[in-house]
Amino acid sequence: MTLQRLFGLVLPVTWLLFALTCVIAAPWLPLSDPLYQDLLKMLEKPGAALWFGADSLGRDVLARSVYGLRVTFIVSVGSVALGFVVGGSLGLLAGYFRGNVERYIMAGNNVLLAFPPLILAVAMMAYPGAAVPKLILVLGLVVSSAFTRISRVNTLRFAQQEFVMAAKAMGMRDLRIMLVEIVPNLLNPLLVFALLGVALAAVAEGTLSFLGLSVPPPTPTLGNMIGSEVSSLREAPHAVFFPAAVLFLTIFSLNRVGEYIQRKLDVRESAV
Amino acid sequence: MRPLLEVAGLVTHFATPRGVVRAVDGVDFTLQAGETLGVVGESGCGKSVLARTLMGLLPRAPYTINAGSARFMQGGVDRDLLRMSEVQLREVRGRSIAMVFQDPLTSLNPVLPVWRQIVQVLQQHSDLGRKAAQDRAIELLEQVNIPAPRQRAHDYPHQLSGGMRQRVVIAIALACNPQLLIADEPTTALDVTVQAQILELLRSLQVQHRMALILISHNLGVVAGMCDRVAVMYAGRIVEQARVDALFATPRMRYTEALLRAIPQLAAPSHAPLHVIGGAPPSLLATPRGCRFAPRCQYVLPNCSSQEPPLTAASEHQHYACWNPVIHAQVSDGQVSDGR
Amino acid sequence: MRRILRGLPAIIAVLAAVSMISFALVAFLPGDLALLMLGDSATPETVAVARRELGLDRPLYARYLLWLGNALQGDFGNSARSGQPVIDAILERLPVTLELMLLTITLSLLLSIPLGVWTGYRREGMTDRVVLSLSMVFVSMPSFLMGVLLVYFVALQLQWLPATGFIPLSESVVGNLQSMVLPVLALALHDVPVYLRVLRSDIIQTLQQNFILLARAMGLPTAKILMRNALRPASLNLVTTVGLGVGRLLGGALTIEVLFGLPGLGQLLIESIYQKEYLVMQAIVLFVAVGFVLINLLVDVLYVLLDPRLREEHA
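Chains as they are written, first to last, in our numbering: chain B, 1 to 272; chain V, 1 to 340; chain G, 1 to 315.
Everything labelled a hint here was simulated from the structure, so no lab data went into it.
Hints may contain errors.
Simulated DEER-style distance windows between Cβ atoms [claimed, not checked]: (1) G:290 with B:161: 37 to 47 Å; (2) B:13 with G:175: 39 to 49 Å; (3) G:201 with V:313: 53 to 63 Å; (4) G:290 with B:74: 32 to 42 Å; (5) G:201 with V:148: 37 to 47 Å; (6) B:13 with G:261: 33 to 43 Å; (7) V:58 with G:165: 54 to 64 Å.
In silico EDC-like links for lysine to aspartate or glutamate, alpha-carbon gap of 20 Å or less [to be verified]: (8) B:45 with B:33; (9) B:168 with B:181; (10) G:224 with V:86; (11) B:41 with B:235; (12) G:224 with V:127; (13) G:224 with V:91; (14) G:276 with G:75; (15) G:276 with G:53; (16) G:276 with G:32.
So, partial list: chain V residues that the calculated Cβ filter (under 8 Å) puts toward chain G [to be verified]: (17) 55; (18) 93; (19) 94; (20) 98; (21) 99; (22) 106; (23) 120; (24) 172.
Heads up, the beta-carbon is just placed ideally off N, CA and C, and yes, glycines get one too.
Only chain B is shown next, with the shape it has when bound in the complex (with noise of 0.2 Å):
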């Protein structure tokens, strides 16, 4: 096994694994109360009974980060899924009928576009409302506009292929030519992006839950962890560091297993 394909698949998938087991299994392993404060541990060193130390208020910090963890899995991949499902319809709707749909549904997208994507999210977190649901929609619609280019770019592709105009011309309704042939084409290209858009949704969660505009204390979340520590960094570093190293791995993992994927199937499209 060489030194590339061990960093470059096998660790990242097995972290993915591992850190997804541990956030579904939350509930049920022996971990202590990620909300429970004590103040006789505050900032205690990593040790036998804390693995990962104790934050400024004596919170256990291994427990917080797997919870942590869960808000940043649940967020990034409700949001690319949400993202999927809107901006690869749009696309696909673009791409088949052309004409007006194309450029209001184009129009709309640069619109979308010409905003810097966290710039609309943090604005639109003022809203009031729960903090994950609101996440997902907002982060959701932020990267929907990339996956309708995709959806439409390859939709474009596929739609004027000739199995394509065969079932036209056998009276097959456009509904149903459009998720019996096309989709199925559609779902490769989008996947590969989808898993990258995931990594980018987990920096994006990561970075406004750094802010503060997330998920709200006392709940913990990676980047809220970070935040409210950095004050202490000096003291208690491991307050800090662990979280950021859970959320580093993570988004490592998830690019590293993106990028493999995206070049098994360029390598399979260029032979085809």
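Could you slot chains V and G onto chain B? The hints should help.
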């Protein structure tokens, strides 16, 4: 008279994961100053690789394996191009030996105006100041018959027609008055009408500057009109080399004969079938034993597939490598001799 | 020039749409806007005054036009808390953010162009491998993480540079630059891998072109070939990416400004959300979006300058 270029046993092999590709497998020829040598052959016979080997443009070892020698006369001293370092070669390239490629559009930088591309080369090989170099560039454009050179100089490649682009490429090649110009399929990408113009241009420039020319082409017609001597290449080797008139009148090697026969004749009846050479050139990864053309040759003898034919002299200026060459009846004026 | 004029209607349409969205962001906030902004301590009189000023009793489109009209004259209203005109607050903070962005882009390009050209030229070489591995790590690190790491190692452990605090240019140039080093680095290290990879891939493609071979055949040295002949045609995608990167910068700069305590637009935006200063938030969103549109316009112009094939003057 010492030849300008003396190539002996030139070998260029490429080490690939699938084996060694013997692109050029032992080539010998000489070239005198001011002479035009045509190199003819099918795609993949090694003629382009030969040209690039001479210019040192191939990736270095260990991917490329070279052997043999290519002695080039520069300023009274002859040196082996194959043994020169990259730094030394850079002195030769452009200044003493220049090259023209097949596709003029991709040969020119799309984002630089024409004058800049010429001046770049001028300033590299001479001490000309900017203004002087620009003037010289316009002079060169004039020499290659580009109308309104002063205005055209500021154009970009995509604004010029194919023929004009190739003229620009030639102008760049001539910038420093090289002694040898290697033209690799210079007219293949051009319209037929333009082809003649470019060849004419090359001819006149050659005479003007007393430049030797190696003209590489798969088109025998192009070669016939331009060259003093012709070398026919097949699967990495020169299989026949002769003065141009001798080659066309009395080809010896069967491959040459087949090539000449394959040229459609204007005088032939309209439904006459085209003579094609069946089969395909051998893979350069696994060259066959014996004569490389044997698998496709109509006149193959049992000997041909086991032993490589040596280069035999038909006359002082015609050499061929064939076990079963064409026999020409002796002509009474003694011009053509029978070479068995 | 003609291209810009031709594209103008589309741009104006986008700008109009952007302004509508910026307006809608605040207009659709549930609840009484005036009350939200003034908070609990407001008296009914002040609330009434605010409502009138904001035009809250008029229909939506009228409010939009009122707001837009004022905005075009530079009047974004006044801060509910301090009474300071919003435009003043923005202009106060703008130079800091601009400086941050400018320095970041400069550093990013200074690093990514040479590295991109070199690794494109010497693929699979030592430098290429090292750079690519590092790139993958840096790309996966959000700017604020990078910032935290830098603060820890450089500021706290090595004590080379201050951790936070901003010294304006007017006070001391050296001090200003010192306080900007870590923030700029945190942002740039995230962008460099992206730019580098784009440039590298284009350089690899460009170097395979015939005109590069011809340049070599004419004896031009490698350095000249790379920088004078290969770089320009290969830089188109880079320019696009940098244009988009500026947009990302605006988002990343938010966190960096907060982390390092730089008094820029980003910090103001976050504050305005916490303090329910919705007029400020609205104005910043508008500013930033308009700026982004203009920058992408600039990118289009740069395109044409870089690649003469895109110019349509000659037939």
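Now the hints, each set against the structure:
no.: 1; hint: G:290 with B:161: 37 to 47 Å; verdict: holds, 41 Å
no.: 2; hint: B:13 with G:175: 39 to 49 Å; verdict: holds, 48 Å
no.: 3; hint: G:201 with V:313: 53 to 63 Å; verdict: holds, 54 Å
no.: 4; hint: G:290 with B:74: 32 to 42 Å; verdict: holds, 34 Å
no.: 5; hint: G:201 with V:148: 37 to 47 Å; verdict: holds, 39 Å
no.: 6; hint: B:13 with G:261: 33 to 43 Å; verdict: holds, 40 Å
no.: 7; hint: V:58 with G:165: 54 to 64 Å; verdict: holds, 59 Å
no.: 8; hint: B:45 with B:33; verdict: holds, 18 Å
no.: 9; hint: B:168 with B:181; verdict: holds, 11 Å
no.: 10; hint: G:224 with V:86; verdict: holds, 15 Å
no.: 11; hint: B:41 with B:235; verdict: holds, 14 Å
no.: 12; hint: G:224 with V:127; verdict: holds, 17 Å
no.: 13; hint: G:224 with V:91; verdict: holds, 15 Å
no.: 14; hint: G:276 with G:75; verdict: holds, 19 Å
no.: 15; hint: G:276 with G:53; verdict: holds, 17 Å
no.: 16; hint: G:276 with G:32; verdict: holds, 12 Å
no.: 17; hint: 55; verdict: holds, 6 Å
no.: 18; hint: 93; verdict: holds, 4 Å
no.: 19; hint: 94; verdict: holds, 4 Å
no.: 20; hint: 98; verdict: holds, 7 Å
no.: 21; hint: 99; verdict: holds, 4 Å
no.: 22; hint: 106; verdict: holds, 4 Å
no.: 23; hint: 120; verdict: holds, 7 Å
no.: 24; hint: 172; verdict: holds, 6 Å
Violated hints for the displayed structure: none, as all numbered hints are satisfied.
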